[in-house]
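S.K.: Here are the chains, one letter per residue:
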Amino acid sequence: AQSVTQLDSQVPVFEEAPVELRCNYSSSVSVYLFWYVQYPNQGLQLLLKYLSGSTLVKGINGFEAEFNKSQTSFHLRKPSVHISDTAEYFCAVSLNSGNTPLVFGKGTRLSVIA
Amino acid sequence: KAGVTQTPRYLIKTRGQQVTLSCSPISGHRSVSWYQQTPGQGLQFLFEYFSETQRNKGNFPGRFSGRQFSNSRSEMNVSTLELGDSALYLCASSSDSYSYNEQFFGPGTRLTVL
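Chains W and L supply the protein sequences, listed in that same order.
In the numbering used here, each number is its position in the first sequence, counted from 1, plus 1185.
In the numbering used here, each number is its position in the second sequence, counted from 1, plus 2.
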């Protein structure tokens, strides 16, 4: 079965600084990878996804992630964060058949400091 | 298009009671998935319904059940509530059964069991 590890539970960063949120996965077969964001008292919103093709994936709100098969990683990056990026970020994986439920990491709380 | 809606948004119950949560998917979406989110366990998949049939099921006890109606609206029921059932319950919809890569989440129902 696949699993996801988000290495940092909390990441504080100053406004306009770059940030990287780390995600590693474990699976014996090919996978689809996702990053979701959850703002307080809201559901999850899809930031970006990797299904196939280019390993560098660009998403909404200036975020991007790079799929690294050899390191089984899918780290999320943003070159300059804003206060409004303060939220919980979840990495998720599913088998690349598309018909298996998402398995989520435990989440990373990003706090942007003014 | 209206997004995924969940009712009620907040619910307080006592141990031993049962509860029913409702989810209305995006218009045209036929697949509805349910997830439980807790601080300790994170996001865990409960079950998925497509065209009124349960297609996938997570590792939860039989006290957790669901159903889907012909208009794709879904309900989940938890019987004999336990303190550990306190959680945010999220519903997600997608256009077909094999589109976990295209899920849209609702804002969730916050259940508190006293």
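Hints in this document: simulated from the structure, not taken from any laboratory.
Just so you know, these numbers come straight off a predicted model, no measurement behind them.
Among the hints, erroneous ones may be present.
As the list claims (entries may be wrong) - Incomplete in silico selection of chain W near chain L, CB under 10 Å:
#	residue
1	TYR1221
2	LEU1229
3	LYS1234
4	LEU1287
5	GLY1290
Ideal Cβ positions, reconstructed from N, Cα and C, are used throughout, including at glycine.
S.K.: Please verify that hint: W:LEU1229, Cβ, nearest Cβ of chain L, below 10 Å or not.
M.R.: 4 Å, holds
S.K.: Against chain L, run the beta carbon of W:LEU1287 and see if the smallest gap drops under 10 Å.
M.R.: Nearest chain L Cβ about 6 Å off; hint holds.
S.K.: Are W:GLY1290 and chain L close enough, Cβ to Cβ, to be under 10 Å, as the hint says?
M.R.: 7 Å, holds
S.K.: Would you check whether W:TYR1221 satisfies its interface hint, that is, whether its CB is within less than 10 Å of any CB in chain L?
M.R.: Status holds, d = 8 Å.
S.K.: Classify the hint on W:LYS1234 as holds or violated, based on whether any CB of chain L lies nearer than 10 Å to its CB.
M.R.: It holds, given that the least Cβ distance between W:LYS1234 and chain L is near 6 Å, below 10 Å.
In this structure, none of the earlier numbered hints is contradicted; all agree with it.
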